Amino acid sequence: MNHHSTIEPSTDARTLAQSHFRTPRLGTPFQPRIDALGLQQDWYNWAGYRAPHSLWDEELEYFAIRSQAALFDISPMTKYRIEGPDAEAYLDRVTLRDVTKLRPGRVHYTAWCDDEGFVLDDGTLFRLSPTRFRLCSQERHLPWLLDSAIGYEVSVEEETEAVAGLALQGPTSFAVLRDAGFAGVERLRVFDLAEFAHDGATVTISRTGFTGDLGYELFVPADKALSLWDRLMAAGELRGIRAIGYTALNRARLEAGLIVANADFTTAEHAIRADRLRMPDEIGLGFMIDPEKGHFNGRRAILEARAKKKLRHVLVGLEIEGNIPAEHAIVYYKKSQEVGLVSAAIWSPMAKRNIALASLQRPYGDAIVDDLWVEIYAMRELQYQKLMKKAKIVPRPFIKLDRRTANPPADF
Amino acid sequence: MTSSDLNWDVIVIGGGHNGLVAAAALAKSGRKVLLLEAGNEVGGAARTEEFAPGFRVSAVAHLLNRLHPDVVKTLELERHGLKVERGDFVPSVALSKDGPLVLHGAYGEVLTGASPSEQSAWKELRAQLLRYAGVLKPFLSRRPPDPGNMSLAGMTGLGQTALALKKLGKEDMRDFLRVLLMNVYDLLDEQLSDDRLKGLLAFDATLGSHLGPRSPTSLLGLYHRLAGEVGGLSGAQMQPKGGMGAVVAAIRAAAEEAGVSVRQASPVAKVIVEKGRAVGVVTQNGETLRARTVVSAINPAAGPREVDTGFVRKVKNIRMKGDAAKLHLALDRPPQFIGVDAADHKGRLVIAPSPDHVERAFNPSKYGEFSPEPVMEITLPSFVDPSLAPSGACVLSAVVQYAPYALKEGWAAGKPQFLEAIMKQLEIHAPGIGATVRHAELLTPADIEARYRMPGGHWHHGELQADQMLMSRPVSGWSGYDTPLEGLFLAGAGSHPGGGISGAPGLNAARRIIAMRA
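These protein sequence lines map, in sequence, to chains A and B.
According to this note's numbering, the stretch in the first sequence is residues 1399 to 1810, in order.
According to this note's numbering, the stretch in the second sequence is residues 728 to 1245, in order.
The set of hints was computed from the structure by calculation and includes no laboratory data.
It is possible that part of the hints are untrue.
[As the list claims (entries may be wrong)] Covered stretches of chain A (in silico footprint by chain B; criterion: 3 or more residues with CB under 8 angstroms from a CB of chain B, positions within the stretch not fixed):
id : segment
1  : 1482–1493
2  : 1544–1557
3  : 1562–1574
[Claimed, not checked] Per label pair, the in silico range of CB-to-CB distance:
id : chain 1 : residue 1 : chain 2 : residue 2 : range
4  : B       : N767      : A       : E1551     : 45 to 53 angstroms
5  : B       : G886      : A       : A1776     : 54 to 62 angstroms
6  : B       : R1004     : A       : S1527     : 31 to 39 angstroms
7  : A       : A1669     : B       : G886      : 31 to 39 angstroms
8  : B       : P1099     : A       : E1551     : 36 to 44 angstroms
9  : B       : R1004     : A       : D1455     : 26 to 34 angstroms
10 : A       : K1733     : B       : L907      : 51 to 59 angstroms
In this text the structure is predicted, and so the values were computed from the model without any measurement.
Positions of the beta carbon are idealized from the N, C-alpha and C atoms, including for glycine.
Chain B on its own, in the form it takes in the complex (with noise of 0.2 angstroms):
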């Protein structure tokens, strides 16, 4: 070894912004911390790129909705440069040849373009799924439960769901078990009854995940997404100015304020193992470095050998093959959606005509083939951001499913239909759009992969369902951002609570740390 010396208190593998809230919120406990980046860039997945001249976009997470706000207490991401105001709040637009229907403020405060009945069932389902993603909201921000070993803290916890549960009052508790772990389909079928409210909130339960709106559990997606926050209002969204590399460029700033030496372009080797304690790494270019604590922020699967053939099995079983494409169009002129007007163009444009559609859609992925009309996330970032596109031109970003990560005939045949497919659905929301396409950009979930360094190119870092969530994330007995390695701690969005720009697993595994004393 090059470098025997003990370096580092905290060496955090993997500049994602989980990484960095990690590290920072590591430095602040006085710890000395070093990140290393892989890639030459830190943000992970919540890079803003240029893919075509003058174009920039937010690589792949391009909707802030869900970070979380402790972590922006702790580390004053609003002092370093993160600016959430209510006026930012974008609205959700249904796209569909019937006319537009919009979700205005925190996930339809206001709801537009429905029949007055709509409305009113709208109002009280919204107000339903609130609560209910209401009482799984604490879990967000903590170690999941660990029924072999429960510690009182994590007593008290339960505890506190279980009176969250109790204040429901007793029909609503009862319904909350009742379709806890039902599919978001036959719920939308009780309270709704039109179909792009429906095909809307069947898009928005199963974005992300290998499940159609019929699939058992797919409601908990719904839920997962309305427990994140942006600004103190759940449901609400925004695009942040400057895309997503602004969030990360504030965290980054907390962290560097903090004392976190970031190292960019430093791919990590190994994680360094004597006596089934991670000591440290060693770079691809051969340094090694030691520390006390060794935290990887990056996907869990790594180091088959220095840990336990059943954990090894249990991490191979871990679903983590994506179902979602990202498309970045550079267009010469702002696309116009039928039927939407101005403003809403800032707002997340939705194609998902019908909960139908959408089952449809995920049907051939089931069987390695891509949907033929498949189901979309529109934003278009240059609208809020006009520094984001050359004068007069627009950058568009979107979400596509479903794009299953092992297509059946290989992406590189494939992706060229598929893109096809997709802008066959746009030409039917924004006609004339196809003709302003100067470059585009279609990320499989094999380019994910590849680019972003995320195995299974899946955008949750492992699938989150029911199976895979909670005590059971990554795998069941080490979900508390432990691993069998004494000193190396997982904080990357595989862990506990997941996916999206939340910041919650590195913060929760940094606290996990500093209440360990590691």
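The following block holds chain A by itself, in its conformation from the complex (with noise of 0.2 angstroms):
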């Protein structure tokens, strides 16, 4: 499965056209570097892309973003880019957060909902200038995107194959960025972009991340990708760079409190079950919406749940006794009745807690928050132990990191 042969390449016109099923899995613009460090042939499938879970020790990957600096590439990441004089008005209109707050030059998480008020999907808008953005996402969205464009004057156009990304994530990484040239990062607070030359070409970097770390996010040309890659890695040889897997990127956003889409709760468009089904106030994001903006999708479904008080589910952190990880585990009531369920779950080396995500049935987690527990089953030599563990309902993030938000950046 995931060894990678090469069939000899055939001159038949009509073979080389069908000859996609040989690269089942695409490579990004990086991939040639990946594969050189991707030591455990571990991959898995991001949105059609090649992607190591991890590539040489998962956990000195993990500890590469805590202590170090991690490179993860990010170019498998959905992108748009939304151009013209109705933009700002369209993403307003398309997204939860208000647009028309987010300056040029900044960078916000938002999410979009459909005419029922379900999360569609979630994800990082740029405002790259007055009248161009990228909206960046976990699924696929163009057709969406495209019937919300009637009526304005804006173009949307997936870049994901043409726009490389590259995540720099921890305390050493705005050191690295310094000691690659790139003059002026250190003047980006959290949430910043800005351009910077590169081979010719730019570099649109911002501090943003999926970390809760001190960290960057670089999107270039992907004729231009290698290149910034042996820049960032040679700049960053002493400072620990070193490139890492999802495991690692995981592990760092549940400690951050952070959701991912299809794996927290389940995408508008890819459940088949309708209870399933999530509004922003049912998975956390309910802060993103805003009733006195203009116009958004979902917004009188949104509206009309809160007023009548038809929000089934709520997201909540929670806080586990002991230390084995409650992956998927049932959350029960008073030991007995089944409210909910985890959706990510580790023990954090930087909490040093046994910390979890998970989603619950109202009015659990929501009015009634005491007596919660989790069972996890443990493996324990072909025989599971099972494991009554108490939950505590905690705020997110897990764990703050001063030096996310510190300016100027430290320097480690």
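Each chain sits in its own coordinate frame; assemble them with the hints.
Structure (structure tokens):
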């Protein structure tokens, strides 16, 4: 499964035109470098791309995020270029948060819903200029975005393949960028973005990330991807820069209390069962809703659900006693009544606590927060040991690192 | 904003007959109603207009066959000048080289010109069609059932329908369900043999829609027609004296008596939306008018920014490209249709000699071409009301199919040829008519769109087919005259139960608003 053999290329034009099956997973523009480092050969499918779970050692990869600088390829993330005089009004209608408050040179985390107020996806919105945006998301949404553009003077284009992306995260990430020669990067505050020269082209660097740590994200034209990678690796050599896979990142994001679409909630277009759909208020994104701003997709349904108290779920952070991760454990009230499910859980090396994200059925997690338990099945030499552990609802993020927001960023 | 006071309870956009009906019914409930009409005259597609010096004609709709009895009663239209008498009912005449066939009274209570066996077959089929249409009739005067959110009234309504079905008896109920979504062509073949009669029925079933007689579900169009009534008689039809404008004048009189303020030449630029609620309109000359409730009695497609994408998607997918044209001829003298007696010239003359002929006329329209041998429904309004034409002259009004909205060659080039094709058909049935034409006006769907502000120039403001009826009209989820915008309602023919001069969408919308206390 993890073996990529090369089949002799055929010269037959028809076969060539149909050769897509020889590469079942696409490579990203960074693939030559990642393949060279991928000692584990542990790949997964990220939106059709071959992405690493782990490259060399998932423990050490995680600690690269928290102690050094970690380089993570985010090229498979779906990216849309949205441009035009109505781009702001258009995005204000499509997405939940108030785009009129997002200044050029800023980024915000947002989400978008269908007519029924169910979340289609979450993602980040980059305002590159007054009239140009980049929307990054987990899933693909072009038909939805194009139909949403009816009545607006705006163009929407997918640029996932054209633009390569890297996340550089960790305490030494700022120093790496500075040493790589990106002069002025010290001026970026959290959620700022700016453009820098690179290899005859431009790289957009934002002080954003998915780790709760000091970190940056870099977007560059695909043909400049390898030179950017090499530039960062060279500059970061003495600061412990390491390429990492998703397993390490997933731990860091959980410590930061961040949710992942189709892991912690099912996106509306993917859900098959009617009760799996979630409104923003049901996955902790209620803060994005601004009834005072102009119309946005799902507004009517969301406000009605709030007014009529039709919200059925709530996403919470849990701290669980013991040190066994409670991944996908059932949550109980009074040890007997099933009230929810853990969607992600780890022993947090930073918090030194056993943490989890869980989706609960209201009023549990909302009005009733005591006497919650999780049932963990710990496999001990081919035998499950069932552990009923006390769970406490705690605020997210589970860890808060001052260096994430410190200005100027610290030089580690 | 220039005037921020809450001036009106209700603003109705669009003074077509449905807008007028909605406005009148709402004013009668004690609301202060303002009606804004974009054109210089109310009436929309139901106006009587002069198209040549001294010649006046009903602009689009030219026969009254489905003005809803509740509208007549609620607005007391008879007191306001609407006259419907049994003697006004006009026959339908199927023109043919083999001599005409005439349906007298209310949709052929008596059939002449056919063989005795065909007459008895027709008697049976007619009774069956009216029985089945009767099951559907109650749906016309209420909100469509909402399967996702059934109210008590909705349940009761459906219950009544179930009861009506049961009353048909076991055999009839089974047959009703069997034929409901059938094509009209095959049903006619089951029961009739006279091509003239079958041609007429095939034409009536498909009139105003993008369907041929052999298209699945085409029978529904016939039920829709027969669910309509005039003067208490299903299937009856009349040519109103003074043209359709006279009917509109009666509705307008009722509206004004009820206190509706009618403003003509006041096109609305946009609906003002504040926090998801429609709170008024801005006119094209910049005036801001505020109201608690806004009723749009115009085509449903408007204002994508204030509603959700999924809704816009559904609206975008409404099929509303018209396929019928309207012909007006100013004639030097009355034409003589072969074999048609003087009295029947007051009737509806249909050129649709056989179901195959109708089907063949439909075929080219699928590919953006007009019918080389079009089918049509002709009236001669000046026979009923001589004041519509100069003395001794005659007005001819015809609905002609098929004339696709998006003609491949473009209507600028195609229109003269289409007119020629129509005249050729007329010449066959009324020899010499061509020489008497003083003026001809042919309105293609594109012309109807531009002149009457009906996107697509569609007869029914959107195809009236199974997938765009009842709870799917104008779009699924929003069929009950409400819209995703609080305070904004729809009342045009784009809403259930659809087009024709019925006033039912307007009245149903008003009832909905009154029930919601909006």
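These are the hints, each one checked on the structure:
no.: 1; hint: 1482–1493; verdict: holds (count 3)
no.: 2; hint: 1544–1557; verdict: holds (count 5)
no.: 3; hint: 1562–1574; verdict: violated (count 0)
no.: 4; hint: B:N767 x A:E1551: 45 to 53 angstroms; verdict: violated (32 angstroms)
no.: 5; hint: B:G886 x A:A1776: 54 to 62 angstroms; verdict: holds (58 angstroms)
no.: 6; hint: B:R1004 x A:S1527: 31 to 39 angstroms; verdict: holds (33 angstroms)
no.: 7; hint: A:A1669 x B:G886: 31 to 39 angstroms; verdict: holds (34 angstroms)
no.: 8; hint: B:P1099 x A:E1551: 36 to 44 angstroms; verdict: holds (42 angstroms)
no.: 9; hint: B:R1004 x A:D1455: 26 to 34 angstroms; verdict: violated (58 angstroms)
no.: 10; hint: A:K1733 x B:L907: 51 to 59 angstroms; verdict: holds (57 angstroms)
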